[in-house]
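Peer 1: Listed below are the residues making up each chain.
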Amino acid sequence: MVDTHHITLSPTESKDTRSGFGQGLLEAGQQNDNVLGLCADLTGSLKMNAFKDAFPERFFQVGIAEANMMGVAAGMTIGGKIPFTGTFANFSTGRVYDQIRQSIAYSEKNVKICASHAGLTLGEDGATHQILEDIGMMKMLPNMTVVVPADYEQTRQATLAIAKHHGPVYLRFGRPKVPVFIDAEAPFELGKIQKVISGADLTIAACGHLVWEAIQAAVELAKDGIHAEVLNVHTIKPLDEKTLIESAQKTGHVLVAEEHQRLGGLGSSVAQCLGANHPTAMDFVAVEDQFGESGKPAQLMQKYGLDAASIVRKSKALLGK
Amino acid sequence: MNSTELTALATQVRRDIVRMVHAVQSGHPGGSLGCTDLLVQLYFDTMNISPDAFDMDGHGEDVFFLSNGHISPVWYSVLARRGYFPVEELSTFRKLNSRLQGHPATEEGLPGIRVASGSLGQGLSVALGAAQVKSLNGEDTWVYSLHGDGELQEGQIWEAAMYAAHHKVDNILSFIDCNGQQIDGSTEDVMSLGDLAGKWKAFGWRVLTCDGHDFADLQRVIKEAHGQRGSGIPTVVLMKTDMGKGVDFMEGTHKWHGIAPSDDQLADALNQLESTLEDY
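Residue numbers (numbering that gives the first Met the number 0), protein chains in the order written: chain R, 0 to 320; chain A, 0 to 279.
Source of the hints: derived by calculation from the structure; they are not laboratory data.
Among the hints, a few may not be true.
Claimed, not checked - Heads up, incomplete: computed chain A residues facing chain R, CB under 8 Å, no partners named: (1) Ala126; (2) Ala129; (3) Ile232.
Each residue gets a CB set at the ideal place from its N, CA and C atoms; glycine is no exception.
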């Protein structure tokens, strides 16, 4: 048995997090006339059609020109608008890093950079599109908030939350359908870790698609009498250091799981925090300094060690069991 | 404002530029001197602005974006002389803890600056976004932008050019500082720009040309552009300028793109530029 908070261990449906973004953007647009949508020829993939249809005068097709999209979005904040840009994570970050750095982050513009198809779970398109470095690039930028929600409902809530937050935000989500396990009424607060399972033996800190894998791992570990605490670190920057340190003090062991390179992602943020405040035995479930490849999402997650089985194995090793 | 008054202002701005760059022995005097007349024309005669109550959002006023941010000296001088901040602050240019960063920035809160620039090619996109929002907000105001000719080698400029025509942005007036020079030499030698007018026309823009050192000619193209509001066609002005204009030994060469004058050279320059307002 595991002690859960605001989640179900038996989800009845699966949905893609990008659809949570699409629904959230529509609702944000209904709540605030200043919300704008921009897309670089991926309106269907980003699930921005509902917003486009509801608010055609507030939707801007940019074509395959992501650098221009970031600049136009920065300009649209001048006059009080809240532009949401939409394209794949690869084209939302690495392709346009300097545009984001100068025109958005350094200029403190209220742009919401919304990025789908992040990580290995993009699948068959392969490594050219499977960015695994985006969290690192974005979290290094001063003024930038970085959010990686875990399921459909949380992505919807996160989209609404960042519309109300003033400042540049990177919102990362994905392509595949994954279990909807977070209660619809669960509170979502930017910058606050969501503890989804309480435990005393080790902490598993995860973000995005790895949160559900961590929950499944915690259920497996419980069968062996190991009680894992699972933290959904949906806001990577600013990091909720207080909750993280308290958990590490309680469990003494921290495993970080993310669909990202091991260098520079959530894991390095957690390690930096604990190293300075409460040195703790740690390990990481992440991509080990390599590019991805074509395949089905589940196959890739297994091959690159980003699944529940891998989390169980590394948790036991961390505990010396 | 008549051309005599504008000329007097431009002369003082040019004094400010060479003094600012000399004081810290760094900065970009050549392009600054070449674009002085345009910025004086815009800020003292053309634009409807509120220098006393700077509003980042620019509601109800015209806004200007400097895309080639390295010519910050001319912008800072014009902003100060127009009343955005005290002219004494020009003495802090490029120094530690200054609001007058080497390239324009918003972080220090300098009134008049709405976006950082310096990494080239980004300003047209930003200006277009601001122009579209002015239309969304029902304003009849204008957005002006300035770009170097060398800057047109950046690909983002052409992404933005295509976007402007597609979205029929006709409340933007973009100036290209056609001085034919960039850091490594002439644009012709470094990366030929070819038929610039033809390129902009092919991207769907109305192309005007003018003498960037003739206030009457600047006023002519601005008036012509204003008359085309509602056409759905963006307007670009290929503005012929001399890099280093107003200081004979700096004129017409890329060598003064980014270096500062010595003490003797400063004295020589100031002898050529009569002080029309008080120096800062």
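Peer 1: Find the hints from earlier in the document that the structure breaks and name them by number, from lowest to highest.
Peer 2: 3
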